[in-house]
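Enquirer: Spelled out from the first residue to the last, the chains are:
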Amino acid sequence: MLLKLAWRNLWRNKRRTLITVAAIFFSITLSILMTSLQQGTWARMIASVVEQYSGYAQIHKKGYWQEQTLENSMPLLTPDSLSELPENLEDMIPRIESFALGSDDENAFGTQVMGVDPVREDQLTGLASKVSAGRYFRPGESAILLSEGYADIMELGVGDTIVLLGQGYHGITAVGKYPIVGLLHFGNPELNKRLSYLPLQEAQFMYGMEGRVTSMVLKFKNNYRFRETVEEIRRQLDSNRYEVLSWQEMNPQLVQAIQADTGGMLIELFIIYLVIAFGIFSTVIMMTAERKHEFGILLAIGMKRGRMQIMTLLETVLLAFLGILSGVLFALPIVLYFEDKPIALGGELASYYAEFGFEPVIAFTSQPYVFLNNVLIVFFIVLLVYLYPFNKLRKLNSIRAMKG
Amino acid sequence: MAVIRTVDLHKIYDEDTVPVHALNGVSLAVEEGEFTAIVGPSGSGKTTLLNMIGGLDKPSRGSVFIDEQDITSYSDNQLIDFRLKHIGFVFQAYNLIPVLTAYENVEFIMLLQKRPKEERRVRAMELLRAVGLEEKTEKRPTELSGGQQQRVAVARALASKPRFVLADEPTANLDSKSTAGLLDLMQELNQNENATFIFSTHDQRVIDRARRVLTLEDGKIVSDETRQG
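If you read the sequences in order, they're chains A and B. When we follow the numbering used here, the leftmost residue of the first sequence carries the number 43, and every step to the right adds one. When we follow the numbering used here, the leftmost residue of the second sequence carries the number 574, and every step to the right adds one.
Hints should not be assumed to be uniformly reliable.
[Stated by the list, open to error] EDC-like cross-link-like pairs, simulated, lysine to aspartate or glutamate; straight-line CA separation at most 16 Å:
{"#": "1", "chain 1": "A", "residue 1": "Lys-445", "chain 2": "B", "residue 2": "Glu-742"}
{"#": "2", "chain 1": "A", "residue 1": "Lys-346", "chain 2": "B", "residue 2": "Asp-649"}
{"#": "3", "chain 1": "A", "residue 1": "Lys-346", "chain 2": "B", "residue 2": "Asp-654"}
[As the list claims (entries may be wrong)] Reference excerpt, derived from the structure (chain A facing chain B, CB under 8 Å, subset only):
{"#": "4", "residue": "Met-43"}
{"#": "5", "residue": "Leu-47"}
{"#": "6", "residue": "Arg-50"}
{"#": "7", "residue": "Asn-51"}
{"#": "8", "residue": "Arg-54"}
{"#": "9", "residue": "Ser-440"}
{"#": "10", "residue": "Ile-441"}
[As the list claims (entries may be wrong)] For each label pair, taking beta carbons as the anchor points, the in silico distance ranges come out as:
{"#": "11", "chain 1": "A", "residue 1": "Leu-44", "chain 2": "B", "residue 2": "Asp-654", "range": "14 to 24 Å"}
{"#": "12", "chain 1": "A", "residue 1": "Ile-61", "chain 2": "B", "residue 2": "Glu-707", "range": "35 to 45 Å"}
{"#": "13", "chain 1": "B", "residue 1": "Asp-757", "chain 2": "A", "residue 2": "Lys-445", "range": "25 to 35 Å"}
{"#": "14", "chain 1": "B", "residue 1": "Asp-757", "chain 2": "A", "residue 2": "Trp-53", "range": "34 to 44 Å"}
Hint data in this document are derived by calculation from the structure and do not stem from the laboratory. Everything numeric in this text was worked out from a predicted model, so none of it was measured. Glycine is no exception: its CB is placed at the ideal position from the N, C-alpha and C atoms.
When you get a sec, could you build the whole thing from the sequences and use the hints?
Expert: See below:
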C-alpha cells in the first residue's frame, strides 16, 4: 500500500518529477562516464607498466632498485627458497635486466636487454602474443627478439643479425651475436623503442653471470590480493639481503600521478553530487510543503508517523531509483563500447602520453565498482536529503498542519 | 452510561503572549448512539472541543474520558491508535487522499487497521453503496463533485466501524440538495451502525436534524437541548 501511495504521489506533479529524474540521470551518467574513463585509462596505464613489464611485485638483492647494476644481482631464487610457500604465489619468474649497445654494419644504438625464461615470461606478460613479425623463441635456441621501435631505429628486421656489446658482471665485457627471430609490439611507446629479449641462459652467459638474476618477478594467483602475499614473503626473506617491492614502490611517480588525477576528479564529482543533492532536496522540500495539509489529515485519521516516514522515504528512493536506473542503462553501453574500443589519441596529446611511457589511448572500464560507487553515493545523498521530510513528519502537529 | 465525558476542559492558546481562551471549563457527557450538534458563533470553541474529544489536541487543563479512560494522558502513538480504532472524522474540506480512488480512500483506514483484503472489499463496497456512489468507486476525488467527495469522506469515516464520528462543519461547502442527502445518510448510518455522531455546525438544516444541540459561547456551554424522536 505504501509503495502504491508513494508511486502515485511521485506522479502528482509529473513535470517536477521528470525534471528531478532528468537531473539525477545526467549527473549519474556524467559521474559514471568520468569515473569509468579515469579508472579505465589508469588501469590501462598500470597494465601497460605492471602486467606487461614490471609485474605486481619483484624480489631483488637489497639496494638493487636504487642502483640497478649487475653488481646488485643475486643468485636465482625459487619458490622453494621460501620456508613456507604463500598460497597466493603461483610462480617466481627470473629476469636479467641490463643495457647493451646494439650494432650491425651501419648503426649502433643502446637497448634495454631483458633476459627471460621464454615459457614462464610468456605466462606472466603474454610476451609471445606481442610478436608482430617473425616468431617467438624456440626451446634452447640462441636468438633475440627486438621491439618494433628499436628495430626501426636500427633498420633491422627478422632474419638479420645484431651484435650486443655491454658491461657484464664484475666488469667483464659482455658480447653476443644473435639472429633476430621476431619483432615485438608494445602498446607503451617507451618500451616499444628500447626493449630486446634474450633467453635467460643466453643473457646469463653474455653477462657472465651464470646462475644469477637481477630480479624475480612474482606471479600471483589473484592479483587483487598481491599486497598481503608480498607482506608474507617479506616476513620470510632476510630483509638484510633482499628487497620485495610492489609495483607502487617501483613506480612512485605513476602512483603520485594517479593520486593527483583522482583528487582532481573527486572535486569535479563533488560538484556533480552537489547538483544532484540540491536537485533532489528542492523537490523533496516542495513535496513536503505542498502536502503538509494532507500529512495532517493522515495523522488525524490514524496513520502513524513511522508509516508516513516510510512512504516519503519510498517516494524519495523511487525518484532516485528512476534517475539512477536510467543513468546506468544509458552509461553502460557507452562504457562497454569504449572499453572494447579505446579512443586512440593523436597529435600533441599522444606525445604527452608517450613522454611518460604510457600507451596513448583513452580507455573505459566496466568494473562494477565504477557503477556501484556512484549509485551508493547518490543513495547516500538521497538518505541525507530524506532527513528533511523525516524530521518534518516527526514534529508534525496535525491541527496546525490541517490549518496550514 | 456516558461514553464520552469531558471534565472542566480548558484550552488556552498563546499562553505566553496574548492568551486566548478557546475553551473555558467545558464539562459534558455524551451517551452511545447520540446524534449531537455543537453550535455557536465562530470562535466559540466548537472545533477545539471536537479536536479534544477526537484526541487531536490536548487541553491546557481538564480531562477527556472515553469509556472512562482519560485520553489526555495518552502518548502521541496511543492517541494515533485511539483515533484509528475509535474515531471517524469528517472534515469541512472533505480531505480525501487525492491520489487514491473513492474505493481506495474508503479502504485506506481498514488497511491501516490491517484488516483482511476480502473484509476490506466487502465493507468498502457496502459503504459506497450506502452513500450512493457504487458507480463512482474508481473515480479520484478530483473527478467527483463536492457533495460526492463528502459522501466518500463519510464512508471513509465509517469504514473502520468507529464508535464515534466527529464531523467538523460537514455541510459547509455543500448545496441544499447535497446537504439533505448527506444528513439522511448520516442519520441512517447513526441508526444502522449505532455510531455516535457529534458535529459542529452553523447550518440550521443540520441543527434541525440533531437530537441534541449543545450551544457554545466564548468557550462555555450556554445551553444543552435534547429533543425527542
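Enquirer: None of the hints should be skipped; say for each whether it holds.
Expert: How the hints compare with the structure:
| no. | hint | in the structure |
| --- | --- | --- |
| 1 | A:Lys-445 <-> B:Glu-742 | 14 Å, holds |
| 2 | A:Lys-346 <-> B:Asp-649 | 9 Å, holds |
| 3 | A:Lys-346 <-> B:Asp-654 | 8 Å, holds |
| 4 | Met-43 | 5 Å, holds |
| 5 | Leu-47 | 7 Å, holds |
| 6 | Arg-50 | 4 Å, holds |
| 7 | Asn-51 | 6 Å, holds |
| 8 | Arg-54 | 6 Å, holds |
| 9 | Ser-440 | 6 Å, holds |
| 10 | Ile-441 | 5 Å, holds |
| 11 | A:Leu-44 <-> B:Asp-654: 14 to 24 Å | 18 Å, holds |
| 12 | A:Ile-61 <-> B:Glu-707: 35 to 45 Å | 40 Å, holds |
| 13 | B:Asp-757 <-> A:Lys-445: 25 to 35 Å | 30 Å, holds |
| 14 | B:Asp-757 <-> A:Trp-53: 34 to 44 Å | 37 Å, holds |
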